[in-house]
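**Student:** Sequences and hints are given; from them, build the entire structure.
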Amino acid sequence: MSVSDKREFTVVNHRVEKIDALALACGTAQFTDDLDIRGLLTGRILFSPHAHARIKSIDTRAAKKVPGVLAVLTHEDLPRVRHTTAGQGYPEPSPYDTLVLSEKARYVGDRIAAVAAETPEAAEEALSKIQVDYEVLPAVFDTMQAIAEGAPVIHDEADSKNIPDAQHNICAKFDFEVKEVEWFSEADVVVDQWYKTQWAQHCALEPHITVTYFDGDGRLVIRTSTQVPFHARRITARVLQLPLKSIRVIKPRIGGGFGSKQEVLLEPICAALTLATKRPVKIEFSRKETFVSSRTRHPFVLRLKTGAKKDGTITDAHMEVYCDNGAYGAHSLTVMMCSGSHTLPMYQAKNSRFIGRSVYTNLPVGGAYRGFGATQGFFAWESQMDMMAEKLGLDPIEFRKKNYIRSGESSPVFKAMGEGREGIEQKIGSCGMDECISRGLAAFRWEEKKKRNAKQAGVKRRGVGCACLMQGSGIPEVDMAAAFLKMNEDGSFNLHMGATDLGTGSDTVLAQIAAEVLGVTAKDMIVLSSDTDLTPFDVGAYASSTTFISGNAVKKAALHAREQILKIAAKILDEKPEDIDLKDGKAVGKSGRSCALSEVANTAFYYHDQHQIMGVASHIAQSSPPPFAAHFAEVAVDTETGQVEILDYVSTVDCGTAINPALAEGQNDGAVLNGLSYALTEEMRFSPSGAMLNASFRNYKIFSAADAPPFKTILIPTYEADGPFGAKSVSEIGINGPQPAIANAIYDAVGVRLFNPPFTPEKVLAAIRAKK
Amino acid sequence: MPQKKGRGTLRAVDGKLDILVNINGKAVAMKVAPGEYLLDALRREGYKGVKKGCDGGDCGTCTILLDGKPALSCMLFAAQVHGRRVTTIEGLGTPNQPHPIQQAFADVGAVQCGFCIPGMVLVTKALLDEDPDPDEGAVRRALDGNLCRCTGYVKQVEGALLAARRLRQPQGGKK
Numbered sequence: 001m002s003v004s005d006k007r008e009f010t011v012v013n014h015r016v017e018k019i020d021a022l023a024l025a026c027g028t029a030q031f032t033d034d035l036d037i038r039g040l041l042t043g044r045i046l047f048s049p050h051a052h053a054r055i056k057s058i059d060t061r062a063a064k065k066v067p068g069v070l071a072v073l074t075h076e077d078l079p080r081v082r083h084t085t086a087g088q089g090y091p092e093p094s095p096y097d098t099l100v101l102s103e104k105a106r107y108v109g110d111r112i113a114a115v116a117a118e119t120p121e122a123a124e125e126a127l128s129k130i131q132v133d134y135e136v137l138p139a140v141f142d143t144m145q146a147i148a149e150g151a152p153v154i155h156d157e158a159d160s161k162n163i164p165d166a167q168h169n170i171c172a173k174f175d176f177e178v179k180e181v182e183w184f185s186e187a188d189v190v191v192d193q194w195y196k197t198q199w200a201q202h203c204a205l206e207p208h209i210t211v212t213y214f215d216g217d218g219r220l221v222i223r224t225s226t227q228v229p230f231h232a233r234r235i236t237a238r239v240l241q242l243p244l245k246s247i248r249v250i251k252p253r254i255g256g257g258f259g260s261k262q263e264v265l266l267e268p269i270c271a272a273l274t275l276a277t278k279r280p281v282k283i284e285f286s287r288k289e290t291f292v293s294s295r296t297r298h299p300f301v302l303r304l305k306t307g308a309k310k311d312g313t314i315t316d317a318h319m320e321v322y323c324d325n326g327a328y329g330a331h332s333l334t335v336m337m338c339s340g341s342h343t344l345p346m347y348q349a350k351n352s353r354f355i356g357r358s359v360y361t362n363l364p365v366g367g368a369y370r371g372f373g374a375t376q377g378f379f380a381w382e383s384q385m386d387m388m389a390e391k392l393g394l395d396p397i398e399f400r401k402k403n404y405i406r407s408g409e410s411s412p413v414f415k416a417m418g419e420g421r422e423g424i425e426q427k428i429g430s431c432g433m434d435e436c437i438s439r440g441l442a443a444f445r446w447e448e449k450k451k452r453n454a455k456q457a458g459v460k461r462r463g464v465g466c467a468c469l470m471q472g473s474g475i476p477e478v479d480m481a482a483a484f485l486k487m488n489e490d491g492s493f494n495l496h497m498g499a500t501d502l503g504t505g506s507d508t509v510l511a512q513i514a515a516e517v518l519g520v521t522a523k524d525m526i527v528l529s530s531d532t533d534l535t536p537f538d539v540g541a542y543a544s545s546t547t548f549i550s551g552n553a554v555k556k557a558a559l560h561a562r563e564q565i566l567k568i569a570a571k572i573l574d575e576k577p578e579d580i581d582l583k584d585g586k587a588v589g590k591s592g593r594s595c596a597l598s599e600v601a602n603t604a605f606y607y608h609d610q611h612q613i614m615g616v617a618s619h620i621a622q623s624s625p626p627p628f629a630a631h632f633a634e635v636a637v638d639t640e641t642g643q644v645e646i647l648d649y650v651s652t653v654d655c656g657t658a659i660n661p662a663l664a665e666g667q668n669d670g671a672v673l674n675g676l677s678y679a680l681t682e683e684m685r686f687s688p689s690g691a692m693l694n695a696s697f698r699n700y701k702i703f704s705a706a707d708a709p710p711f712k713t714i715l716i717p718t719y720e721a722d723g724p725f726g727a728k729s730v731s732e733i734g735i736n737g738p739q740p741a742i743a744n745a746i747y748d749a750v751g752v753r754l755f756n757p758p759f760t761p762e763k764v765l766a767a768i769r770a771k772k
Numbered sequence: 001m002p003q004k005k006g007r008g009t010l011r012a013v014d015g016k017l018d019i020l021v022n023i024n025g026k027a028v029a030m031k032v033a034p035g036e037y038l039l040d041a042l043r044r045e046g047y048k049g050v051k052k053g054c055d056g057g058d059c060g061t062c063t064i065l066l067d068g069k070p071a072l073s074c075m076l077f078a079a080q081v082h083g084r085r086v087t088t089i090e091g092l093g094t095p096n097q098p099h100p101i102q103q104a105f106a107d108v109g110a111v112q113c114g115f116c117i118p119g120m121v122l123v124t125k126a127l128l129d130e131d132p133d134p135d136e137g138a139v140r141r142a143l144d145g146n147l148c149r150c151t152g153y154v155k156q157v158e159g160a161l162l163a164a165r166r167l168r169q170p171q172g173g174k175k
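Protein sequence lines, in the order shown, are assigned to chains A and B. Position 306 (the first sequence) corresponds to 306 in the working numbering; numbering is contiguous. Position 132 (the second sequence) corresponds to 132 in the working numbering; numbering is contiguous.
It is worth saying that the hints were derived from the structure and are not from the lab. Wrong hints could be hidden among the right ones.
Stated by the list, open to error - Chain B side only, calculated, beta carbon under 7 Å to chain A, not exhaustive:
1. Gly56
2. Pro98
3. Gln102
4. Tyr153
Unchecked claim - Each computed DSSO-like pair below joins lysine-lysine, with the alpha-carbon atoms no more than 30 Å apart:
5. Lys69(B) / Lys65(A)
6. Lys278(A) / Lys31(B)
7. Lys701(A) / Lys31(B)
8. Lys64(A) / Lys16(B)
9. Lys129(A) / Lys16(B)
Heads up, the beta-carbon is just placed ideally off N, CA and C, and yes, glycines get one too.
**Tutor:** Laid out in structure tokens, this is it:
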């Protein structure tokens with residue numbers, strides 16, 4: 001078996017210590033703000049206090065006179081380049097509806113002006129002295145009202161591009177239908193239900209931050225907390241009309257992103273302040289600004305109308321979604337489409353229809369957020385599956401088992417719906433769903449809990465619920481990743497990748513892949529990611545793509561270097577290259593003779609076939625193999641207060657080969673806990689005039705260590721032939737389960753079904769009372 | 001230095017206060033503005049392991065130990081710690097010589113983005129100084145003020161318990 005196809009691993013599939021763990025735990029790893037830069041100015045942004053207002057005039061004269069203020073910018077000072085902040089592959093499938101500083105305020109928190117000053121105090125004072133004359137316009141805050149006739153038009157400028165229906169506030173639309181028989185003609189049971197999900201925020205612990213400065217050669221350096229350094233370079237160059245080659249984007253350590261840093265938000269405005277002042281500038285969002293003026297999870301209004309035969313075969317799947325994008329159309333098409341493209345293939349129906357609209361409202365802007373539409377889609381789907389099962393008189397798990405997609409099967413949805421465009425035909429390779437369910441049921445003790453819960457009395461009632469899930473692994477035929485590695489004379493390697501570790505551990509996972517190929521340890525890899533000057537291109541960290549796509553690029557680059565190593569080693573050992581293996585830092589021949597990799601490197605440097613041993617490769621995927629997962633929740637509902645307590649939670653996930661099981665578990669743990677608080681407590685709330693009311697961790701509740709209920713992640717190993725050493729994605733899927741699993745458990749406990757998360761005590765109690 | 005050591009009255013000279021703080025076992029003289037937060041002063045002095053995750057004492061990333069007890073440096077004026085003992089993450093260990101808590105966090109995979117980890121390590125240190133054998137509940141209560149969005153806290157709790165076990169061994173947790 002070649003090294004490429006091996007199933008027995010020495011580095012991969014091992015709990016290798018995360019290569020930057022100690023530096024992070026010791027506080028020495030450098031985040032964006034952790035470098036002292038002489039003469040650094042403070043940049044600050046003036047945000048709109050109005051949800052919808054035309055700017056009649058802006059007077060910056062008094063602001064400019066504040067001592068220590070070096071620049072005050074408004075939309076009049078910047079090139080008028082409509083763009084999208086969504087850091088997606090070019091051309092971005094999002095409308096070009098945004099200016100760096102707005103000429104019209106479209107939400108409370110929209111960006112109106114920016115200042116740079118010697119001190120934070122001077123910057124604040126300057127902001128307070130900018131006089132803006134607003135003409136306040138009628139605003140719309142409801143998704144469905146925004147697309148009704150007569151609603152205020154939020155984007156009425158002629159120079160915006162790719163807005164399908166600006167007059168009706170529709171910033172993206174997509175329709176699709178496969179029909180084998182008359183709709184609902186074969187269905188014995190039909191369920192027609194509407195769902196509504198809430199506004200939520202990513203809450204990465206490191207707020208958005210960018211530092212810009214000119215280097216000694218007069219090039220603009222952008223040191224920034226981003227998931228997409230190459231997209232950030234391209235978009236910044238375009239909107240500021242600078243040559244791309246004059247910009248260098250450096251991604252240092254990142255304090256989490258979860259999609260919010262897939263947006264090019266601060267780079268252009270910070271760079272504009274450096275251009276205006278010729279000085280280094282830092283813009284750092286406060287926590288409040290991060291909540292209001294970065295990005296959010298799009299709330300959805302969804303309708304599912306589904307049909308099934310008595311035997312449990314699903315016949316019809318009609319899915320209709322209205323994705324609230326807030327004031328700008330970032331990720332409007334792709335998140336909306338993924339609510340269908342990641343859910344509809346899960347259960348095979350003869351008839352499938354998707355009607356999708358993304359909608360502008362005068363509220364904060366939706367963006368990429370872990371789960372990316374699939375989260376909202378699966379809340380509806382997995383609630384619906386339980387309702388259908390009940391109506392059919394079937395066990396909800398047996399009903400799912402009868403219908404979910406299996407290895408070797410395809411779905412017309414894969415071809416019809418990609419991300420922002422047509423997808424690709426693919427058959428499911430690995431699918432561990434059967435085992436996800438069986439092992440999850442056993443670990444959760446489902447049957448035992450069901451039996452115990454059958455006899456209940458008292459104020460608190462227990463219930464159990466489940467959800468089955470899938471996601472993708474990158475965007476096929478779109479996402480490209482490249483990697484480069486070179487060998488040093490001690491047998492170590494520099495691994496340079498565009499892949500962007502934002503705290504996920506991808507530097508470690510990718511180092512493990514390279515090390516496996518080269519017969520060394522992960523610690524022999526000196527990883528650099530990412531820097532647009534020093535590392536090859538990669539689309540960045542999104543769409544659950546890094547392990548699968550960047551991992552394949554790294555594997556290929558390592559194989560390329562391996563070939564060169566084997567040739568030199570063959571000369572040293574006097575054997576054929578194909579008879580040599582690399583292990584434990586040595587080249588080992590058939591005869592048993594071996595030489596250290598350091599000898600190979602030195603030979604290549606100084607003695608034989610002199611060259612730098614280096615591997616370089618790119619990868620583009622032809623498939624997006626879904627990971628699969630099954631989640632199981634047990635809750636206790638207090639029938640007097642409506643309080644929902646999570647008693648137990650088990651999630652199983654098939655991510656193919658877990659390159660690093662500890663990090664894969666960590667990814668799933670984090671996704672699940674985020675999903676649990678999204679189900680129960682997290683919600684951005686707004687005043688009647690559109691101002692966010694709870695923009696702090698005190699008032700927007702994410703779970704702490706003491707809030708976290710008992711929960712457990714179980715990895716289900718499979719082998720995905722298209723993945724590096726059998727791997728698929730793992731980072732997003734876990735967030736899709738808690739909302740529906742808990743909704744199903746609440747129903748099991750007290751017989752009320754909630755369609756509008758979060759499931760707060762008020763809502764649960766109101767539903768219990770309404771039922772009585 | 002115009003002020004005497006201790007918690008005496010400080011007087012501003014040219015709008016700045018001269019304070020003397022024991023940081024990680026070393027006497028450090030700092031000039032701070034009267035309204036300056038300890039978080040900003042420490043970062044300016046080069047203690048970059050002290051992180052800023054929110055602006056209001058809600059997230060715990062700016063945690064330090066003040067006379068051995070966890071405190072939020074964004075909720076303290078720098079002048080308030082004049083004459084006192086501050087421990088930042090830099091005072092515990094280095095990547096080449098980590099503290100057993102730091103090593104335990106790394107060993108179990110508790111570090112993802114790592115932005116919250118310095119605060120968590122310090123809180124764990126204070127807990128274990130007080131209670132060398134805490135149960136899981138005590139660890140969770142201790143970590144309650146330190147938010148993390150990456151991990152779900154599972155492996156941090158595991159890391160703290162592992163560190164406690166190692167530190168209870170005679171060789172003091174050295175690997």
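**Student:** Next, verify each hint and record whether it holds.
**Tutor:** Evaluation of the provided hints:
no. : hint                 : verdict
1   : Gly56                : holds, 6 Å
2   : Pro98                : holds, 5 Å
3   : Gln102               : holds, 4 Å
4   : Tyr153               : holds, 4 Å
5   : Lys69(B) / Lys65(A)  : violated, 45 Å
6   : Lys278(A) / Lys31(B) : holds, 29 Å
7   : Lys701(A) / Lys31(B) : violated, 37 Å
8   : Lys64(A) / Lys16(B)  : holds, 26 Å
9   : Lys129(A) / Lys16(B) : holds, 27 Å
Going through the hint list in order, the structure does not satisfy hints 5, 7.
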